[in-house]
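Listed here are the chains, written in short residue letters.
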Amino acid sequence: MSVLLIAEHNNKEVKPFTLNAISAASQINDDLHVLVIGKNADLVAKSLSEVPNVKKVIHVDNDIYENYIAENYTPVILKHAENYSHIVCSANTFGKNLMPRIAALLDTSQVSDIIKVISEDTFLRPIYAGNAFATVKSTDKKKCITIRPTSFDPAPTSGGSAEIVKGENTDASQNTKFVKKEEIKSDRPELGTARIVISGGRGMQSGENFKLITAIADKLNAAIGASRAAVDAGYITNDHQVGQTGKVVVPDLYIAVGISGAIQHLAGMKESKVIVAINKDGEAPIFSVADYGLEADLFDALPKFLEELNKLNTIQK
Amino acid sequence: MKILVAVKRVIDYNVQIRVKEDGSGVVTDNVKMSTNPPDDNAVEEAVKIKESGKAKEIVAVTVGEEKAQETVRKALAVGADRGILVKVSGTVEPLAVAKILQKIVEKEKPDLVFMGKQAIDDDCNQTGQMLAAILNWPQATFASKIDVKDNVLEVTREVDEGLETIEVKIPSIVTCDLRLNEPRYASLPNIMKAKKKPLEQIDASELGIDIKPRIEHIKVEEPPKRKAGIKVSSVEELVQKLKNEAKVI
Ligand SMILES: Cc1cc2nc3c(=O)[nH]c(=O)nc-3n(C[C@H](O)[C@H](O)[C@H](O)COP(=O)(O)OP(=O)(O)OC[C@H]3O[C@@H](n4cnc5c(N)ncnc54)[C@H](O)[C@@H]3O)c2cc1C
Ligand SMILES: Nc1ncnc2c1ncn2[C@@H]1O[C@H](COP(=O)(O)O)[C@@H](O)[C@H]1O
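Residue numbers (my numbering), protein chains in the order written: chain A, 1 to 317; chain B, 1001 to 1249.
What the hints contain is simulated information worked out from the structure, not anything from laboratory work.
Take the hints with a grain of salt, since some may be wrong.
Taking lysine to any residue pairs in the SDA-like style, the calculated list, with each CA pair at most 20 Å apart, reads [as the list claims (entries may be wrong)]:
| hint | chain 1 | residue 1 | chain 2 | residue 2 |
| --- | --- | --- | --- | --- |
| 1 | B | LYS1020 | B | GLU1161 |
| 2 | A | LYS273 | B | VAL1248 |
| 3 | B | LYS1020 | A | ILE263 |
| 4 | A | LYS185 | B | ALA1246 |
| 5 | A | LYS142 | B | ARG1214 |
| 6 | B | LYS1225 | A | ALA262 |
| 7 | A | LYS177 | B | SER1144 |
| 8 | A | LYS180 | B | VAL1152 |
| 9 | A | LYS311 | B | GLU1236 |
| 10 | A | LYS55 | A | GLU120 |
| 11 | A | LYS273 | B | LYS1241 |
| 12 | A | LYS317 | A | LEU124 |
| 13 | A | LYS137 | B | VAL1220 |
| 14 | A | LYS177 | B | GLU1161 |
| 15 | A | LYS317 | B | ALA1246 |
| 16 | A | LYS177 | B | ASN1136 |
| 17 | B | LYS1002 | B | ASP1147 |
| 18 | A | LYS46 | A | SER161 |
| 19 | B | LYS1247 | A | ARG195 |
| 20 | A | LYS317 | B | LYS1225 |
| 21 | A | LYS46 | A | PRO189 |
| 22 | B | LYS1020 | A | ASN131 |
Far from chain A by the CB rule (all over 10 Å, computed), these chain B residues [unchecked claim]:
| hint | residue |
| --- | --- |
| 23 | GLY1090 |
| 24 | CYS1124 |
| 25 | ILE1134 |
| 26 | ASP1177 |
| 27 | PRO1183 |
| 28 | PRO1198 |
| 29 | VAL1232 |
By construction, the Cβ of each residue, glycine as well, lies at the ideal position given by its N, Cα and C atoms.
Take the sequences, apply the hints, and build the full model.
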């Protein structure tokens, strides 16, 4: 049977992680259909129809779907679920909020946050903050799965021409109301998909000091991350948090500055290709995962780092 | 108003877990156990709401083995009024926990159910949403701020893009983030008092629901280890290595 993927988008554009989830979903079964639920989201449906992995796009459009209210999305998905063996979406705050609501109503035990598709019913997933990997087999007839996007490459975005069909909408929930979203806009690359991430921890001492990190991020075209301690202390907003209860990142280069390397932080970054740690405590656990460790005071090291970068003739973007 | 809080007993977050040699799971014998961290925030929030006069009673519930009583006692020591232990043995998946909690909700008729956003052992992040679904209640997940209004809650949620605010009608389910509040410590006198608070035990088999696992754990293994890196002696050396050896900048 076919796989139904729930797209994440902002009514204009597909969110990048949807493309990673598409790759994973088509490894489960290549008859992949995508459900777009939104308000005036025609462009989203169109762009997904051009993804070669996608065989069909089902588009449900109504004003009530402007924001991701799980209570409004769920009945639509259930209405379309019948012919599918798997319902999938990405394991970010969108999918984490939504998928269990669907799974419970289908009486399915959800498999969360898979990092590998072993077969149609068997998957690999991290547990205990990534300190163990579990191979799990779902015995439910219909499977509900969320996909860790950073563990799969994004699907190509052009070359396909899947049909787009209109799906049925359902009524809006009377019990949940969207009030507002405080979205932090920036010109930097997105944390989840950036090639380089530079993160600051409690060692930064203040939000003001994060300008040392910003300057380097500008130079390297990097995204900015943070430990939970830095967010808790108010140095930076929550959307920057990397770790077990924040975001998972797998950049080519991750630079941890003034971060001790608690397992909950490592859970979000230790799959990065190259890890750099700058910390004045030579015993800090972050050094155990760092390819290059610099034992130094960050207030000396960061300005020097910028200076050295400025000396380079070329920098990869 | 009455608030039900779901608390889970898990391996303490400071423990470096070890995978069993036979691949059947992780070592739990002689390992320090604690309340799942965000569940402490869920309890704290309930207690604060009660202190503000907006709630009358807090009931703490756990699904687990006999020893999970400790987790309920801890909630009682910081301000919950009564406890419930639903006894099970072995693994109970979030769907089964949600079905058990549904029975408890039907019996206790709370106005709100507070839970953690994620258990740090299975990292599932499912139970609250599932309970909301089967009760057909609204859900406010990943809460970092809760305002109790007349018959609604205004909840600020931590989402990937930043913060989102929604309003949910009571009764509703809230799953809590660690940033919601600062959980208090139990004082010694309160720990003593908690020993006298009622703690009801229910055997899950009495609830008449199927809680058998649907997911087979074929194997649990250690993740691949990173190979040890080097220490560089200067910023110059670091930049040179990143440029010429790792070729990432
Ligand atoms: C359930 C749970 C979930 C969690 N989830 C997450 C998560 O998702 N992400 C996360 O990050 N954490 C998470 N945590 C918190 C985690 O356990 C740590 O408390 C946190 O990661 C510590 O942040 P930190 O490294 O910035 O601070 P600290 O541990 O305080 O480390 C600061 C470091 O900065 C160094 N330093 C200080 N000054 C300087 C200087 N001038 N120059 C150089 N170095 C300096 C110090 O040597 C130290 O190593 C979670 C915790 C729990 C219980
Ligand atoms: N066995 C359990 N007993 C009580 N509460 C639980 C149990 N399992 C999960 N929960 C609650 O559900 C939340 C999310 O758990 P999970 O879906 O497993 O990540 C936890 O933070 C608890 O509040």
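So, going through the hints one by one against the coordinates:
For the hint linking B/LYS1020 to B/GLU1161, the alpha-carbon distance of about 38 Å lies beyond 20 Å, and the restraint is violated. As the CA atoms of A/LYS273 and B/VAL1248 are separated by approximately 9 Å, the hinted pair is consistent with the 20 Å bound. Between B/LYS1020 and A/ILE263 the CA atoms are separated by roughly 19 Å; this keeps the pair inside 20 Å, and the hint holds. For the hint linking A/LYS185 to B/ALA1246, the alpha-carbon distance of about 31 Å lies beyond 20 Å, and the restraint is violated.
At roughly 11 Å between alpha-carbon atoms, A/LYS142 and B/ARG1214 fall within 20 Å of each other, so this suggested pair holds. Taking the CA atoms of B/LYS1225 and A/ALA262, the gap is near 16 Å; set against the 20 Å cutoff, the hint holds. Under the criterion of a C-alpha separation no larger than 20 Å, the hint pairing A/LYS177 with B/SER1144 is consistent with the structure, at around 17 Å. For the given pair, A/LYS180 sits about 16 Å from B/VAL1152 by alpha-carbon distance, which is consistent with the 20 Å threshold.
Under the criterion of a C-alpha separation no larger than 20 Å, the hint pairing A/LYS311 with B/GLU1236 is consistent with the structure, at around 10 Å. A threshold of 20 Å between alpha carbons decides the hint, and for A/LYS55 with A/GLU120 the separation of about 18 Å falls inside it, so the pair holds. About 14 Å separates the Cα atoms of A/LYS273 and B/LYS1241, which keeps this hinted pair within 20 Å; it holds. Distance check on the hinted pair: A/LYS317 and A/LEU124 sit about 33 Å apart at the alpha-carbon level, beyond 20 Å; violated.
The suggested pairing of A/LYS137 with B/VAL1220 holds, with an alpha-carbon distance near 12 Å, which does not exceed 20 Å. Of the pairs offered as hints, the one joining A/LYS177 and B/GLU1161 holds, with about 19 Å between alpha carbons and a cut-off of 20 Å not exceeded. Pair hint A/LYS317 plus B/ALA1246 holds up; C-alpha atoms about 15 Å apart against a cutoff of 20 Å. Restraint check for A/LYS177 and B/ASN1136: satisfied, since their Cα atoms lie roughly 15 Å apart, inside the 20 Å limit.
Restraint check: the Cα-Cα separation between B/LYS1002 and B/ASP1147 comes to about 16 Å, which is no more than 20 Å; the hinted pair holds. The straight-line distance between the Cα atoms of A/LYS46 and A/SER161 is roughly 9 Å, inside the 20 Å bound, and the hint therefore holds. As the CA atoms of B/LYS1247 and A/ARG195 are separated by approximately 13 Å, the hinted pair is consistent with the 20 Å bound. Straight-line distance between C-alpha atoms of A/LYS317 and B/LYS1225 comes to about 29 Å, which puts the hinted pair past the 20 Å bound.
Among the hinted pairs, A/LYS46 with A/PRO189 is inconsistent with the structure: their alpha-carbon atoms are about 24 Å apart, more than 20 Å. Proximity of B/LYS1020 to A/ASN131 is assessed by CA-CA distance (about 12 Å); at most 20 Å being required, the pair is judged to hold. With a minimum CB-CB distance of about 14 Å to chain A, B/GLY1090 clears the 10 Å threshold, and the non-interface call stands. Remark: the non-interface label on B/CYS1124 conflicts with the geometry, its nearest Cβ contact in chain A lying 5 Å away (cut-off 10 Å).
At roughly 5 Å from the closest C-beta of chain A, the C-beta of B/ILE1134 falls inside 10 Å, breaking its exclusion from the interface. Look at B/ASP1177: its CB is around 7 Å from the nearest CB on chain A, not clear of 10 Å, so calling it non-interface is violated. Under the 10 Å C-beta cut-off, the non-interface status given to B/PRO1183 relative to chain A holds; the minimum distance is some 13 Å. The claim that B/PRO1198 lies off the interface holds: its Cβ sits roughly 30 Å from the closest Cβ of chain A, which is beyond the 10 Å cut-off.
The Cβ of B/VAL1232 sits about 5 Å from the closest Cβ of chain A, inside the 10 Å cut-off, so the non-interface label is violated.
The structure does not agree with the numbered hints 1, 4, 12, 20, 21, 24, 25, 26 and 29 stated previously, though it agrees with the rest.
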